[in-house]
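> 1 is the number of the first residue of the sequence shown in UniProt numbering; add one for each residue after it.
If you are wondering where the hints come from, they were derived from the structure by calculation, not from laboratory data.
Keep in mind that a hint or two might mislead.
[Claimed, not checked] Pairs of lysine to aspartate or glutamate residues, derived as DMTMM-like cross-links and limited to a Cα-Cα distance of at most 25 Å, are as follows:
hint: 1; residue 1: Lys193; residue 2: Glu240
hint: 2; residue 1: Lys193; residue 2: Asp204
hint: 3; residue 1: Lys244; residue 2: Glu137
hint: 4; residue 1: Lys313; residue 2: Glu293
hint: 5; residue 1: Lys127; residue 2: Glu63
hint: 6; residue 1: Lys201; residue 2: Glu232
hint: 7; residue 1: Lys133; residue 2: Asp247
hint: 8; residue 1: Lys193; residue 2: Glu150
hint: 9; residue 1: Lys29; residue 2: Asp107
hint: 10; residue 1: Lys123; residue 2: Glu240
hint: 11; residue 1: Lys123; residue 2: Glu293
hint: 12; residue 1: Lys216; residue 2: Asp194
hint: 13; residue 1: Lys427; residue 2: Asp292
hint: 14; residue 1: Lys216; residue 2: Asp316
hint: 15; residue 1: Lys376; residue 2: Asp355
hint: 16; residue 1: Lys313; residue 2: Asp281
hint: 17; residue 1: Lys372; residue 2: Asp301
hint: 18; residue 1: Lys72; residue 2: Asp33
hint: 19; residue 1: Lys29; residue 2: Asp292
hint: 20; residue 1: Lys356; residue 2: Glu319
hint: 21; residue 1: Lys427; residue 2: Asp9
hint: 22; residue 1: Lys72; residue 2: Glu137
hint: 23; residue 1: Lys372; residue 2: Glu293
hint: 24; residue 1: Lys356; residue 2: Asp418
hint: 25; residue 1: Lys356; residue 2: Glu377
hint: 26; residue 1: Lys127; residue 2: Glu116
hint: 27; residue 1: Lys72; residue 2: Asp9
hint: 28; residue 1: Lys216; residue 2: Glu319
hint: 29; residue 1: Lys127; residue 2: Asp301
hint: 30; residue 1: Lys427; residue 2: Glu140
hint: 31; residue 1: Lys29; residue 2: Asp337
hint: 32; residue 1: Lys313; residue 2: Glu349
hint: 33; residue 1: Lys429; residue 2: Glu185
hint: 34; residue 1: Lys429; residue 2: Asp194
hint: 35; residue 1: Lys29; residue 2: Asp316
hint: 36; residue 1: Lys201; residue 2: Asp157
hint: 37; residue 1: Lys12; residue 2: Glu93
Everything numeric in this text was worked out from a predicted model, so none of it was measured.
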Amino acid sequence: MEGLTKIDDLGKPRVVIVGGGFGGLELAKSLADAPVQVVLLDKQNYHTFQPLLYQVATAGLDEGDIVSPFRKILSQQENFYFRLAEVQAVDTEKQVVETTIGLLRYDFLVLATGAEPNYFGDKAMEKNSIAIKSVEEAIELRNTVLSNFEQALQLGDYEQINSLLDFVIVGGGPTGVEIAGALSELRTHVFPKDYRELDFKEMDIHLVQSGPVLLKGMSANASQKALESLREFGVQVWLEARVKSYDGYTVTLNTGQQFVSRTVIWAAGVTGAPIQGLRADCLLPGNRYAVDEYSRVTGYDNVFAIGDIAAMKTADYPEGHPMVAQPAIQQGRLLGDNLKRWLGGQLAERFQYHDKGAMATIGRNHAVADIKLFGKEYHLSGLLAWLAWGVVHVISLVSFRNRLMVLLQWTWSYISYDKGLRYIVGKRKALVEKDMEEGKAIV
1 MEGLTKIDDL GKPRVVIVGG GFGGLELAKS LADAPVQVVL LDKQNYHTFQ
51 PLLYQVATAG LDEGDIVSPF RKILSQQENF YFRLAEVQAV DTEKQVVETT
101 IGLLRYDFLV LATGAEPNYF GDKAMEKNSI AIKSVEEAIE LRNTVLSNFE
151 QALQLGDYEQ INSLLDFVIV GGGPTGVEIA GALSELRTHV FPKDYRELDF
201 KEMDIHLVQS GPVLLKGMSA NASQKALESL REFGVQVWLE ARVKSYDGYT
251 VTLNTGQQFV SRTVIWAAGV TGAPIQGLRA DCLLPGNRYA VDEYSRVTGY
301 DNVFAIGDIA AMKTADYPEG HPMVAQPAIQ QGRLLGDNLK RWLGGQLAER
351 FQYHDKGAMA TIGRNHAVAD IKLFGKEYHL SGLLAWLAWG VVHVISLVSF
401 RNRLMVLLQW TWSYISYDKG LRYIVGKRKA LVEKDMEEGK AIV
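Model the full structure from these sequences, guided by the hints.
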């Protein structure tokens, strides 16, 4: 077929996986001993451990500590092939995917494209705020924070300085809570040492949550403990409030409250990242593909979706499973086993999600955890939850090197009260030059 991507044909059924997140990577690994050719397509050549992106953004970890190249992870898997490419569309009749490097034939297609920030149609917010869904965005946020402080040293206007020191975080889920906690630690232990000329008592951290509680989906105990801890750390939490507008300088809430801030961090929601070519009726609200209990996309026999992009509706999860790592990992693992069963003429198993609970860290010695073990649920908070959170995240990292480096960084930071990765390299959010032309910048 003209335009085919150059890749060896092993004469075996070809499983093409689009996306190397938790689900796609787990699926590829589970097919190591299967009589198939596994081809993984991703626009990056590495897997990112997304739960720790916020630590890159807040100078706690280096980006290299939370990423690992696909070719390294699966270097011993003989049936595995990787191509650096972005999928543009799917032709389900010809069974090919159209990519930026050409066409690729498939026998089984698995969509594991994940999710992207959902700005709910607010173009100004999309343009002016920073989300944290990728390594590039995490680095951009870190660069922006540090660049703003450098800029603040050059100003003599109180409002301008405050606009650079203050932060607004939109969304009170785990990401929003963890960023707020990390910024409060930096405000207390790190920034005053680096920028002695600035008064960090004037650094305000606002966390805006549209609902009545933080950490929706976790227990009432976890939500309340998180709220208490953040307020103890000096974070201003605004419940049942929404950001009405943001022009890059002024944040306006639906309550009429206004803040001046050059840094708004968007953590208010995600939407699926579908690709063109599948029938419109299989795409549900939230841009997630409707799948059956075998992860097959509705209306197709050999097209599957797993992870955040998949909405598998069940009695316990009428809107689909949570858009977090564990459902993706479990779906990827079972789909790999089921593909082997189908190829061997055996019956497949239905997916059943085993909810292991949820965790969120808030700051030094503070975290909350809902842990489900042996049919019981345990609610932890404080130091014990913080230690559990750390252990779980270190163990969950893909490579031994990542585990070792993260453990060393965290140990040093805990002992020294320091975040050592405060450098500006690469892209940063452009400053809004409001009032600068009026001569308020005084060196």
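> Does each hint fit the structure? Answer for all of them.
Cross-check of the supplied hints:
{"no.": "1", "hint": "Lys193 - Glu240", "in the structure": "violated (36 Å)"}
{"no.": "2", "hint": "Lys193 - Asp204", "in the structure": "holds (18 Å)"}
{"no.": "3", "hint": "Lys244 - Glu137", "in the structure": "holds (23 Å)"}
{"no.": "4", "hint": "Lys313 - Glu293", "in the structure": "holds (8 Å)"}
{"no.": "5", "hint": "Lys127 - Glu63", "in the structure": "holds (24 Å)"}
{"no.": "6", "hint": "Lys201 - Glu232", "in the structure": "holds (15 Å)"}
{"no.": "7", "hint": "Lys133 - Asp247", "in the structure": "holds (22 Å)"}
{"no.": "8", "hint": "Lys193 - Glu150", "in the structure": "holds (13 Å)"}
{"no.": "9", "hint": "Lys29 - Asp107", "in the structure": "holds (18 Å)"}
{"no.": "10", "hint": "Lys123 - Glu240", "in the structure": "holds (22 Å)"}
{"no.": "11", "hint": "Lys123 - Glu293", "in the structure": "violated (36 Å)"}
{"no.": "12", "hint": "Lys216 - Asp194", "in the structure": "violated (36 Å)"}
{"no.": "13", "hint": "Lys427 - Asp292", "in the structure": "violated (42 Å)"}
{"no.": "14", "hint": "Lys216 - Asp316", "in the structure": "holds (16 Å)"}
{"no.": "15", "hint": "Lys376 - Asp355", "in the structure": "holds (11 Å)"}
{"no.": "16", "hint": "Lys313 - Asp281", "in the structure": "holds (15 Å)"}
{"no.": "17", "hint": "Lys372 - Asp301", "in the structure": "violated (35 Å)"}
{"no.": "18", "hint": "Lys72 - Asp33", "in the structure": "holds (18 Å)"}
{"no.": "19", "hint": "Lys29 - Asp292", "in the structure": "holds (22 Å)"}
{"no.": "20", "hint": "Lys356 - Glu319", "in the structure": "holds (19 Å)"}
{"no.": "21", "hint": "Lys427 - Asp9", "in the structure": "violated (40 Å)"}
{"no.": "22", "hint": "Lys72 - Glu137", "in the structure": "holds (24 Å)"}
{"no.": "23", "hint": "Lys372 - Glu293", "in the structure": "holds (23 Å)"}
{"no.": "24", "hint": "Lys356 - Asp418", "in the structure": "violated (32 Å)"}
{"no.": "25", "hint": "Lys356 - Glu377", "in the structure": "holds (9 Å)"}
{"no.": "26", "hint": "Lys127 - Glu116", "in the structure": "holds (15 Å)"}
{"no.": "27", "hint": "Lys72 - Asp9", "in the structure": "holds (22 Å)"}
{"no.": "28", "hint": "Lys216 - Glu319", "in the structure": "holds (15 Å)"}
{"no.": "29", "hint": "Lys127 - Asp301", "in the structure": "violated (40 Å)"}
{"no.": "30", "hint": "Lys427 - Glu140", "in the structure": "holds (5 Å)"}
{"no.": "31", "hint": "Lys29 - Asp337", "in the structure": "holds (11 Å)"}
{"no.": "32", "hint": "Lys313 - Glu349", "in the structure": "holds (16 Å)"}
{"no.": "33", "hint": "Lys429 - Glu185", "in the structure": "holds (22 Å)"}
{"no.": "34", "hint": "Lys429 - Asp194", "in the structure": "holds (21 Å)"}
{"no.": "35", "hint": "Lys29 - Asp316", "in the structure": "violated (28 Å)"}
{"no.": "36", "hint": "Lys201 - Asp157", "in the structure": "holds (16 Å)"}
{"no.": "37", "hint": "Lys12 - Glu93", "in the structure": "holds (20 Å)"}
The structure is inconsistent with the numbered hints 1, 11, 12, 13, 17, 21, 24, 29, 35, although it conforms to all the rest.
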